[in-house]
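Enquirer: The primary structure of each chain is shown beneath.
2 protein chains.
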Amino acid sequence: MTIVEPSLPNKEKDMSKWYDEVLSRAELIDIRYGVKGFIVYRPYAMEIIKRIYDAFEKELEKYNHRPALFPVVIPEKMLRKESEHIKGFEGQVFWITHAGYSPLEEKLALRPTSETAIYPMYSLWIKSYKDLPVKIYQSVAVYRYETKATRPLLRGREFLWIETHDVFRNKEEAIRQIEEDSEIFRRITYEELCIPFLHLRREEYDKFAGAVASYAFDCLLPDGRVLQIGTTHYLGTNFAKAFEIIYQDADGQHKHAHQTCFGIGISRLLAALILIHGDEFGLILPFSFAPIQIVIIPIPKKGYDHEKIHNYCLSIEKMLREKGYRVVYDQSKRTPGDKYYYYDMRGVPIRIEVGPKEVDNNMVTLFRRDKRERITIAKEELCTKIEEISEEIKEILRKRAENKLKSNIVEANSLGELLEYVDKKIPIIKVPFCGRRECAEELEGETLGYETRGYVEGEKAEGKYCIICGREAHHIAYLAKAY
Amino acid sequence: MTIVEPSLPNKEKDMSKWYDEVLSRAELIDIRYGVKGFIVYRPYAMEIIKRIYDAFEKELEKYNHRPALFPVVIPEKMLRKESEHIKGFEGQVFWITHAGYSPLEEKLALRPTSETAIYPMYSLWIKSYKDLPVKIYQSVAVYRYETKATRPLLRGREFLWIETHDVFRNKEEAIRQIEEDSEIFRRITYEELCIPFLHLRREEYDKFAGAVASYAFDCLLPDGRVLQIGTTHYLGTNFAKAFEIIYQDADGQHKHAHQTCFGIGISRLLAALILIHGDEFGLILPFSFAPIQIVIIPIPKKGYDHEKIHNYCLSIEKMLREKGYRVVYDQSKRTPGDKYYYYDMRGVPIRIEVGPKEVDNNMVTLFRRDKRERITIAKEELCTKIEEISEEIKEILRKRAENKLKSNIVEANSLGELLEYVDKKIPIIKVPFCGRRECAEELEGETLGYETRGYVEGEKAEGKYCIICGREAHHIAYLAKAY
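First to last, the sequence lines map onto chains D and Y.
Each residue of the first sequence is one higher than the one before, starting from 1 at the first, in the working numbering.
Each residue of the second sequence is one higher than the one before, starting from 484 at the first, in the working numbering.
Calculated directly from the structure, the hints in this document are not laboratory data.
Backbone N, C-alpha and C fix where the C-beta goes; we use that ideal spot for every residue, glycine too.
Among the clues, some could well be false.
As the list claims (entries may be wrong) - Derived coverage of chain Y by chain D (criterion: at least 3 residues anywhere in the stretch with Cβ under 8 Å from a Cβ of chain D; other residues may be distant):
1) 523-534
2) 906-914
What the hints assert, rightly or not - Label-pair distances were calculated between CB atoms; the ranges are:
3) Y:ILE658 <-> D:LYS308: 33 to 41 Å
4) Y:LYS613 <-> D:ILE299: 17 to 25 Å
5) Y:GLU495 <-> D:MET319: 31 to 39 Å
6) Y:GLU573 <-> D:SER315: 56 to 64 Å
7) D:SER7 <-> Y:GLU510: 51 to 59 Å
8) Y:SER897 <-> D:GLY100: 52 to 60 Å
9) Y:ALA861 <-> D:ARG372: 37 to 45 Å
10) Y:ASN547 <-> D:LYS13: 37 to 45 Å
11) Y:ILE858 <-> D:LYS130: 52 to 60 Å
12) D:ARG372 <-> Y:CYS866: 45 to 53 Å
13) Y:ARG804 <-> D:GLY303: 53 to 61 Å
14) Y:ILE858 <-> D:GLU61: 29 to 37 Å
Said to hold, decoys possible - With a straight-line cut-off of 20 Å between C-alpha atoms, the simulated EDC-like cross-links for lysine to aspartate or glutamate are:
15) D:LYS406 <-> D:GLU457
16) D:LYS17 <-> D:ASP279
17) Y:LYS613 <-> D:GLU27
18) Y:LYS618 <-> D:ASP30
19) Y:LYS541 <-> D:ASP54
Start from the sequences, fold in the hints, and give me the full structure.
Expert: Rendered as structure tokens:
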């Protein structure tokens, strides 16, 4: 019996519905846990997440970062030490006030981010310039009492990330780290996950609480809104002063250290991976992140010896397993059509179909999930072909997503022009901008919700004027609606 | 300048002091975080922890477990659903009562263990016998408001573990899982981490809250106390009834599922690894868990071309790196003696010393951390030798620890005999036992703190009588002081 499932909603027209359906049908996320903003990561999601974590951790370690783990609880007095920081987070903190049958002496915050947990320890560990640089990351969940509507993976009250916290002798080294962070992010997000993004310096009024400068990575979702998937901050000596991170330099002087931190939004990267690459059949996954890379499906035929098909499938499975691929040979009694539906939904990159024709001719029929194309090749070419396809998939997904992003950015040089683009629902609009909060607020009002997302350093605004106040433009701002 | 550090205290005589010194000198754990029972895992500890996690996760996956992640918060009403369970944990729960500026409608527990977070979801996911078995693990921190004295890694209020939660059609399958869990635990703990342990069925009055039967893995620490490093429980249908985990069987009947859970104490396994294998020079690590497996140390000599030594070291480093080993070539200006001290403390399994003699004769001098022996071999034999040594280390560490465990178990058949052994401070004493709580309490009183840790299933007590009440013995109980 073939289970006929309704096809997915159109992703471009109703992203939200498409997304909910895919999360549920591919058994990725369960939203029925019963606490607002807290979701359950089901095995298939977790198997992808673990690979995303692994890719970033390896890349961070390549650049001399080391793992560490700091407590999930932060004493209230620590959280309050850097005054800008607490202002930014106070409204979002979950508080532990009781344990067992008694109230605690001091209430404890669940980490919303870990500067105030980590930097008191850095103050103990760092004494001399010889102790620097310190480059540490931790892979953890963080907790923020979001008051905006929560959406699974996009905005939750518990979300997964990696945070790095690095300490340097001076500004130059810290700025170099900011650049290195961008390169690490690009290497995995763009090259491996095939997610293109804008790399924007956030406006002054939009910085991370306590930072000197904030940079963010925004990707574009199919509904035209952007999603911040990573941030990297130059903290200057703000936290070093609050937490007394002081080292004795080679010249004998005691100096405040310069710090950076870098957040990689693992939950959001999974959301982006699902939303950007998926289609009406479900997920499309890059080969190296797919929990199942290859599925083998036997296509029985009446009057043809099934044992022959079975043995042929087994031989292919064995060959692929020996090559180290994650392969499933689906011997269940469901129809081939049901199986196609099931593995398509889960984004399995390559399907191998084996019927009498393949067995008799020592051939293999391959179906590629990304292009939805079938090819038939000789069995002995299989491994070479798979290697070839696994690379091609990345190029195709990257190019598709990149074209999408590029074709959705326009530049407006007057308010009138801007409003025309807004009317046409162009997702990302560049405008000359003075950099002041008042004008940003007016822009948001005029456009019914486009925020200033920051600017690309080096993109010139010479001779241009802020389209709101007419002052000389400081830069070209990127406007977009955002999650 | 050679830094002369005092040697470590004697581990057998003053384990506690030895332990604190090693945690600090090897830069494993920092206890100065400022919240009782919460510690900081420094990079060197975390690099070992990640490998322990990885080893267990791979083994669990080999047996068809899949990763998942459930929220850290558990609503109070869920935690209260299974009546025995909440009785066992209520006094130990951290409560989140506020978020932002307001009290929460329902208070949330920080997970002390995850049965009550996971099983409501299982009740939604499991409908038919075709959905079974479910075998899921999660690698997380758990939170328990311990009232006993806390000790880093041994007993904390935040500790790392893996928990599996499996669901089956019937008791037989569940019991088979309990056996499989033991095998998984043995494979990694005994074979890879080289930590021998007792596998004990816990007494009825000492079961996990809500379980039908509890089994635990206890290892022996140098101070003569035992440490529970893992547990596996047959839950029967207790939780299935409380959380309505009901499936329709092949016969059409609706039945309560049978469940098991399995906890692997990752923090405690790190403690055991440190305490059981270490010596007066610091850590001793099995080769595959060592963050640095091999260190190359140049031994300069006056009048000998240092460049020649340097190039020779580089060639060794390159060769070992190509083989995939984690190798450090320490070119710093510290003296060889300082370097020996540093890497010995961190348990680096193999040290390669390169001086003029080695360069001139195309030889390599190897120092093994486990046996503290030096051998000199031809350079081309190096990789083969390393492979050999890495296996030998495991055998040596395992045998040492196993002899220690075995030689510290005695059997007493009367209270008098028991008290003699207690006087002699024998760590583990076996006695015929009726299985009743009253007698256990009397035993603990008489021995000033030996607890009944359970019994080995299949170890016969026929014809023997409880050494307290004289009733027929139900089994041979293992008594020990415990963490």
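Enquirer: Which earlier hints can't be squared with this structure?
Expert: 2, 5, 8, 9 and 11
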